[in-house]
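Enquirer: The primary structure of each chain is shown beneath.
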Amino acid sequence: MIVGLTGWIVTPAIGNSLRSGLSGYANTTVTYVIVSYSGSPQGREVTLPQSVVRAISAINGVQAVYPVDINYTAFNFPNYTAPPPPGSNVSIKGAVFYVASAVIGGPDGFPVGLVGLTSGRLPRANEAGFIVNTPLLLDQNSGRTYAVGGSASVSINGDNFTAYAVGVNAYNPLLGDYAQALWNSTFLQNELGQKLYNETFGAGINLLIVKVATIDQVQGVASQVTNSLEAYPAYGVDYDQATVDSLVSVETGTAPLYELIGVVTLGSSVAALFFVSYVAVNRRSWEVGLFVSQGWTWNRVTKFFLEYFLLLAAIAFALSLLLSMLISQYTTFSYQVYGSILRVGTSIGLSNVFSAGLIAIGISFVVSFFMRWRLRKSSLDNTLREY
Amino acid sequence: MLRLENVYKSYGAIKVLEGMSLRVEAGNSLCVLGRSGCGKSTLLKLIALMMKPDSGSVFVGGKDIAKMTDGEVEATRRENMAYSFQEPLLIPYVTALENVTLVTGAPKAEAVEVLTRFGLGDRLSQRPPKLSGGERKRVDIARAVLKKSNFLIVDEPLSNLDPESGSIVMESLTRHASGEGVLVYSTVEPAQARFASEVVEMNAK
Chain X
1 MIVGLTGWIV
11 TPAIGNSLRS
21 GLSGYANTTV
31 TYVIVSYSGS
41 PQGREVTLPQ
51 SVVRAISAIN
61 GVQAVYPVDI
71 NYTAFNFPNY
81 TAPPPPGSNV
91 SIKGAVFYVA
101 SAVIGGPDGF
111 PVGLVGLTSG
121 RLPRANEAGF
131 IVNTPLLLDQ
141 NSGRTYAVGG
151 SASVSINGDN
161 FTAYAVGVNA
171 YNPLLGDYAQ
181 ALWNSTFLQN
191 ELGQKLYNET
201 FGAGINLLIV
211 KVATIDQVQG
221 VASQVTNSLE
231 AYPAYGVDYD
241 QATVDSLVSV
251 ETGTAPLYEL
261 IGVVTLGSSV
271 AALFFVSYVA
281 VNRRSWEVGL
291 FVSQGWTWNR
301 VTKFFLEYFL
311 LLAAIAFALS
321 LLLSMLISQY
331 TTFSYQVYGS
341 ILRVGTSIGL
351 SNVFSAGLIA
361 IGISFVVSFF
371 MRWRLRKSSL
381 DNTLREY
Chain F
1001 MLRLENVYKS
1011 YGAIKVLEGM
1021 SLRVEAGNSL
1031 CVLGRSGCGK
1041 STLLKLIALM
1051 MKPDSGSVFV
1061 GGKDIAKMTD
1071 GEVEATRREN
1081 MAYSFQEPLL
1091 IPYVTALENV
1101 TLVTGAPKAE
1111 AVEVLTRFGL
1121 GDRLSQRPPK
1131 LSGGERKRVD
1141 IARAVLKKSN
1151 FLIVDEPLSN
1161 LDPESGSIVM
1171 ESLTRHASGE
1181 GVLVYSTVEP
1191 AQARFASEVV
1201 EMNAK
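Residue numbers (the numbering used here), protein chains in the order written: chain X, 1 to 387; chain F, 1001 to 1205.
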């Protein structure tokens, strides 16, 4: 019974936690459609007007639109010689590296939920911004890279600021780029001055983050967003259908499987309990015969059975609850999503605990009345013969 | 009053009782005398309504049990019969005293008094596996006595008992039949029939 009740409490809890965890994750993070400029980084002069933002905002299923201004800074290294690619002896001389920076292009600010994906933080008023912890982004002076949550002192025009690393691939959903930085626009405006800031970031919107209400609307919204961008062929629409499908598959496949396992475990346990009770009571049916021969009514015998099985059920319930809590502590599922690890823990549902208690009581009643029926059917002499 | 008329009982091909008839009035005691295997226990169980005859009639208080429902037979047995088994039937995991009080619901003081009278005053808290055969037998009989039924039916009350304990037990049992009660007991020893007002002798099959 302990195994059955534990199975009943834990396995649906796993299923429910998986379902709600993945569902919550999917609905808050995977439901993003990204509109980005797909041409050369230098072609940022093609921007999206507010009318496009308004049109996309009006699409059914769109929860919010976050316009962003991405600026690409080119670093020219004319004396840099790239090593020859494998199988070739031709070296490439001179290189240009681009670093993307972004500021919020609209009044709604950056979607906090998206940053939460990687446990990252938004730059605050006195912080210069974030640096991203990728192999390509390292401190040129010390040569070190930064772990998630790590910080570095940044000196800009003689002023020192603290920059924080937000995590690996923090902005991949937005750009799919390597080295990126999200800047605090207030800081940049103060730092660069309004004129330089406008020259750098004031060109207009060249990236849209579209938040869709639910997973199943993502595909439809992406299709309509594409239609809205007919006049802007340099812009492409991206969303991660594979991840959506994968999460939906886990949500609709794995979670019900655990619920099924819970039911099967409980069913098997109840059957086993019946069998064990049957054998146990059969072997000691003489006791019932003794009670009846000494004047016990069958109602009193049933009450005796019931008290006995309820006591066992209470012990089994308490132990299964402890076991369930212990198991749930160590049951965590990890999913690799967007380069981050999504961890879904198991939390025991009160409804499962409550129903497990009811099931324990129910089994006690059923077993008690079944035993009464079975023994009463047999003659008293036969019952006593088991002694 | 108890009456059996032309009662037959078989276990498969073995005929145990063939046309048995007897009658016991209130305030009397009946000894069923016979060798081992002659059917004494079967007869006592029939009298105690713990089994039904294959044919014939059993009357308790003038009522034919063949005409009663199972529930009525159970109620009649419950209200009128106290039975002590040939092999003491005791619950092994409770004490001697609890074997009496738990099953009969008799007050503890009364149970202690009877068990002490039966020479078990210092064995009250012992569990059956720690008791001798004679002690277990006395606990089983004490339980039947404490049920205070009209019919006290005891299967071989003196088996495993020394003469002194046997006298004490039989004195207690026969006292039951001195009022309105009926005592029915069985024995293999003809000398032990002297405690009864009536004797039925059975022959081995």
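Hint data in this document are derived by calculation from the structure and do not stem from the laboratory. From a predicted model like this one, the values you see are computed outputs, not experimental measurements. Any given hint could be a false lead.
[Said to hold, decoys possible] Taking lysine-lysine and the DSS-like style, the derived pairs with C-alpha atoms no more than 27 angstroms apart in a straight line are:
| id | chain 1 | residue 1 | chain 2 | residue 2 |
| --- | --- | --- | --- | --- |
| 1 | F | 1147 | X | 303 |
| 2 | X | 377 | F | 1108 |
| 3 | F | 1015 | X | 377 |
| 4 | X | 303 | F | 1108 |
| 5 | F | 1147 | X | 377 |
Enquirer: Each hint needs a verdict: does it hold in this structure or not?
Expert: Each hint tested on the structure:
1. F/1147 / X/303: holds (21 angstroms)
2. X/377 / F/1108: Violated, at roughly 33 angstroms.
3. F/1015 / X/377: holds (25 angstroms)
4. X/303 / F/1108: Status holds; Cα separation ~22 angstroms.
5. F/1147 / X/377: holds (25 angstroms)
When the structure is compared with the earlier hints, a violation turns up for hint 2 alone.
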